[in-house]
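Asker: Those sequence lines, one after another, are chains V and S. Quick note: the first sequence uses the numbering used here, first residue 1, plus one each step. Quick note: the second sequence uses the numbering used here, first residue 1, plus one each step.
Source of the hints: derived by calculation from the structure; they are not laboratory data. Treat the hints loosely; a few may be bogus.
Unchecked claim - Partial selection, computed: residues in chain S whose CB lies under 10 Å from chain V:
1) 12
2) 14
3) 16
4) 20
5) 149
6) 185
7) 208
8) 267
9) 273
10) 277
Said to hold, decoys possible - Think about it this way: if two alpha-carbon atoms lie no more than 25 Å apart in a straight line, the pair counts; the simulated SDA-like pairs of lysine to any residue are:
11) 238(V) - 262(S)
12) 238(V) - 27(S)
13) 73(S) - 238(V)
14) 238(V) - 133(S)
15) 27(S) - 261(V)
Claimed, not checked - For each label pair, taking beta carbons as the anchor points, the in silico distance ranges come out as:
16) 292(V) - 141(S): 24 to 34 Å
17) 264(S) - 124(V): 26 to 36 Å
18) 83(V) - 273(S): 54 to 64 Å
19) 56(S) - 121(V): 11 to 21 Å
20) 81(S) - 16(V): 29 to 39 Å
Ideal placement from N, C-alpha and C gives every residue a C-beta, glycine not left out.
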Amino acid sequence: MADPLITLDGVTRRFDMPRRFGQPALSMLAVDGVSVRIARGEVVGVVGESGCGKSTLARLVLRLIEPSAGTVTFDGTDLTDLSADKMRLARRRMSMVFQDPYSSLDPRYTLEDVLSEPFRAQGLKVPPGRIDELLTAVGLSNRLAHAYPHQLSGGQRQRVGIARALALSPEFMVLDEPTASLDVSIQAQIIDLLLRLAGERSLTYLFISHDLGLVSYFCDRILVMYFGRIVEVLPGPKAVPRHPYTRALMDSSFVPDPAARRTLVPITGEPPSVHTPPPGCAFAARCIRASDSCRTTRPPLAETPDGAAVACHHPIA
Amino acid sequence: MLLGVDTLSVSIGGAMPLEGIRFDIRKGEIVGIVGESGSGKSLTALAITGLLPLIGGRVSAGSISFEGTDLTKLSPRERRAYNGRRIGFITQNPMTALDPLQRIGEQVDVVSRLHLGLPPHAARARTVELFRQMRIAAPEAIAEAYPHQLSGGMKQRVVIAMALAGEPDLIVADEPTTALDVTVQAQIIHLLAEEVRNRHIALMMITHDMSIVAQLCDRVAVLYAGRVAEVSDVRALFAHPAHPYTRALIDCIPRPDMARGALTGIPGAVPAVADYPSGCRFHPRCPRATDLCRTQVPALVTDGRDSHACHHSLRDTHG
Numbered sequence: 001m002a003d004p005l006i007t008l009d010g011v012t013r014r015f016d017m018p019r020r021f022g023q024p025a026l027s028m029l030a031v032d033g034v035s036v037r038i039a040r041g042e043v044v045g046v047v048g049e050s051g052c053g054k055s056t057l058a059r060l061v062l063r064l065i066e067p068s069a070g071t072v073t074f075d076g077t078d079l080t081d082l083s084a085d086k087m088r089l090a091r092r093r094m095s096m097v098f099q100d101p102y103s104s105l106d107p108r109y110t111l112e113d114v115l116s117e118p119f120r121a122q123g124l125k126v127p128p129g130r131i132d133e134l135l136t137a138v139g140l141s142n143r144l145a146h147a148y149p150h151q152l153s154g155g156q157r158q159r160v161g162i163a164r165a166l167a168l169s170p171e172f173m174v175l176d177e178p179t180a181s182l183d184v185s186i187q188a189q190i191i192d193l194l195l196r197l198a199g200e201r202s203l204t205y206l207f208i209s210h211d212l213g214l215v216s217y218f219c220d221r222i223l224v225m226y227f228g229r230i231v232e233v234l235p236g237p238k239a240v241p242r243h244p245y246t247r248a249l250m251d252s253s254f255v256p257d258p259a260a261r262r263t264l265v266p267i268t269g270e271p272p273s274v275h276t277p278p279p280g281c282a283f284a285a286r287c288i289r290a291s292d293s294c295r296t297t298r299p300p301l302a303e304t305p306d307g308a309a310v311a312c313h314h315p316i317a
Numbered sequence: 001m002l003l004g005v006d007t008l009s010v011s012i013g014g015a016m017p018l019e020g021i022r023f024d025i026r027k028g029e030i031v032g033i034v035g036e037s038g039s040g041k042s043l044t045a046l047a048i049t050g051l052l053p054l055i056g057g058r059v060s061a062g063s064i065s066f067e068g069t070d071l072t073k074l075s076p077r078e079r080r081a082y083n084g085r086r087i088g089f090i091t092q093n094p095m096t097a098l099d100p101l102q103r104i105g106e107q108v109d110v111v112s113r114l115h116l117g118l119p120p121h122a123a124r125a126r127t128v129e130l131f132r133q134m135r136i137a138a139p140e141a142i143a144e145a146y147p148h149q150l151s152g153g154m155k156q157r158v159v160i161a162m163a164l165a166g167e168p169d170l171i172v173a174d175e176p177t178t179a180l181d182v183t184v185q186a187q188i189i190h191l192l193a194e195e196v197r198n199r200h201i202a203l204m205m206i207t208h209d210m211s212i213v214a215q216l217c218d219r220v221a222v223l224y225a226g227r228v229a230e231v232s233d234v235r236a237l238f239a240h241p242a243h244p245y246t247r248a249l250i251d252c253i254p255r256p257d258m259a260r261g262a263l264t265g266i267p268g269a270v271p272a273v274a275d276y277p278s279g280c281r282f283h284p285r286c287p288r289a290t291d292l293c294r295t296q297v298p299a300l301v302t303d304g305r306d307s308h309a310c311h312h313s314l315r316d317t318h319g
């Protein structure tokens, strides 16, 4: 990758827990040493379950929260080093679509207000016709400009969330589970819209999801997160997973075909405590392939020439 | 036949959000009730579990026959002999099914005590055994815990154990895995299927997700805007759906072989009860709709246990 748009290098975020009387101070590593490069025009998926750190990673990439260690570079500029003024200018080139289209829209704002807000926050005037253009781009009637969020369905609200993210014509968008709270029929509409916009506007996406089937459909490259770390990189949507955790995710993702039912291998045990991470592989306690070395030594993320990478002592051949 | 729902209509106030629902469930079967939000799936579940009064609804026509007894004709007192005992209910959010102030074991014990008349120590032994069958590690300790101490997946296992405690013949599960992580969802689906097979009971599984239907169900009833679109065996339904709505729902789930751009969803949204269109209620979103669909309600055509309501059935094209 000669000229990546985004480079994460050893990005780490630790959260300190409120200290309780008589208890030792606790902290958790939500994101632990994540390094990744995203090319211009690429759609990169991050897949993992609740608490794996994927949403924290999304916020770190946009510097909505500060990393405890590591750097985020956007088009050659280290974002973690920027002053507030310069960061605000940099923000024009990046945006985010949030998971919940209900709580991410102010109920007292009309759609026109919602879509004007990004301009106002940057001290810019809304270009004439821009609101209409944004509504049309996401498949909404421009008659809705004066409507309030409560008058819209969940799918329409998420279209507004996407229009808002498009307002300043960004190059890069983080999509944080944009369809997780929608019906499958509406989810498919929104995914279709996002793919179309990416093509029309040469956007680069970081798509966060818990659904490996959806990520495989939508993304050029897939990062699998477990317990704050990337455990596997799948270089293409059809790449065969080699990490036992990715395989478990795949087996848990059902196919709409009764002739292709999944045989489920039960995952035993629970994920480890976030406050006392194990010294070895975080998945070892739940993994059928785990050996003694898995419990004592953390497997490094080993890259292969085809762009795949897996952090496992005993990857599936 | 264990459960027979026949031309069931439900009214809430002046509206009729459910109209002419017809399907049946045999012992040992897993039947999926599928459709988008607003299609009437949950209302069907509330009608069967006798919980319609909770939302101000009532059965306005038709019958729900459970082993030959019409549940809609029973008094609330007679009805109580069915709920929890013969018909178990698993709700979408396990948090709403569990009392946050009561230890988990006590909440499950009470089902065996009330419905099976077990003394307290026997009821607890049964609870622990049910927890073990649910693959809950350290079941004795979990029985002493409070709901907030458990993960979402663990709470849903407790709720399933609770539903099984009354030894029901039918379990009604309303999107029991929606709030869970995918690996946990897969485990719960697997566990439910295993319990239904082992106990030779029936499961009515409500979901909007055709991939869960494909994985779990023997038969499927597809609902749209308060009416039956199609009822069929699961393999026939996926191989040759009769109703364009069924086809559209299947095509909403990404498949590994799907080319990018093939996933388009269903245009528009399910109408609200007040805005139900004339004729076939799916016609404004249907690629096959004609003038006939806009004016005439399609009849529910029945063939044995299967049925569909469409003027231009896809199966006619298949021959």
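Asker: Next, verify each hint and record whether it holds.
Answerer: Quick rundown of the hints versus the structure:
{"no.": "1", "hint": "12", "result": "20 Å, violated"}
{"no.": "2", "hint": "14", "result": "23 Å, violated"}
{"no.": "3", "hint": "16", "result": "22 Å, violated"}
{"no.": "4", "hint": "20", "result": "23 Å, violated"}
{"no.": "5", "hint": "149", "result": "13 Å, violated"}
{"no.": "6", "hint": "185", "result": "7 Å, holds"}
{"no.": "7", "hint": "208", "result": "5 Å, holds"}
{"no.": "8", "hint": "267", "result": "7 Å, holds"}
{"no.": "9", "hint": "273", "result": "15 Å, violated"}
{"no.": "10", "hint": "277", "result": "16 Å, violated"}
{"no.": "11", "hint": "238(V) - 262(S)", "result": "16 Å, holds"}
{"no.": "12", "hint": "238(V) - 27(S)", "result": "41 Å, violated"}
{"no.": "13", "hint": "73(S) - 238(V)", "result": "55 Å, violated"}
{"no.": "14", "hint": "238(V) - 133(S)", "result": "37 Å, violated"}
{"no.": "15", "hint": "27(S) - 261(V)", "result": "22 Å, holds"}
{"no.": "16", "hint": "292(V) - 141(S): 24 to 34 Å", "result": "28 Å, holds"}
{"no.": "17", "hint": "264(S) - 124(V): 26 to 36 Å", "result": "35 Å, holds"}
{"no.": "18", "hint": "83(V) - 273(S): 54 to 64 Å", "result": "55 Å, holds"}
{"no.": "19", "hint": "56(S) - 121(V): 11 to 21 Å", "result": "45 Å, violated"}
{"no.": "20", "hint": "81(S) - 16(V): 29 to 39 Å", "result": "55 Å, violated"}
Hint check: violations occur at hints 1, 2, 3, 4, 5, 9, 10, 12, 13, 14, 19 and 20; the rest are consistent with the structure.
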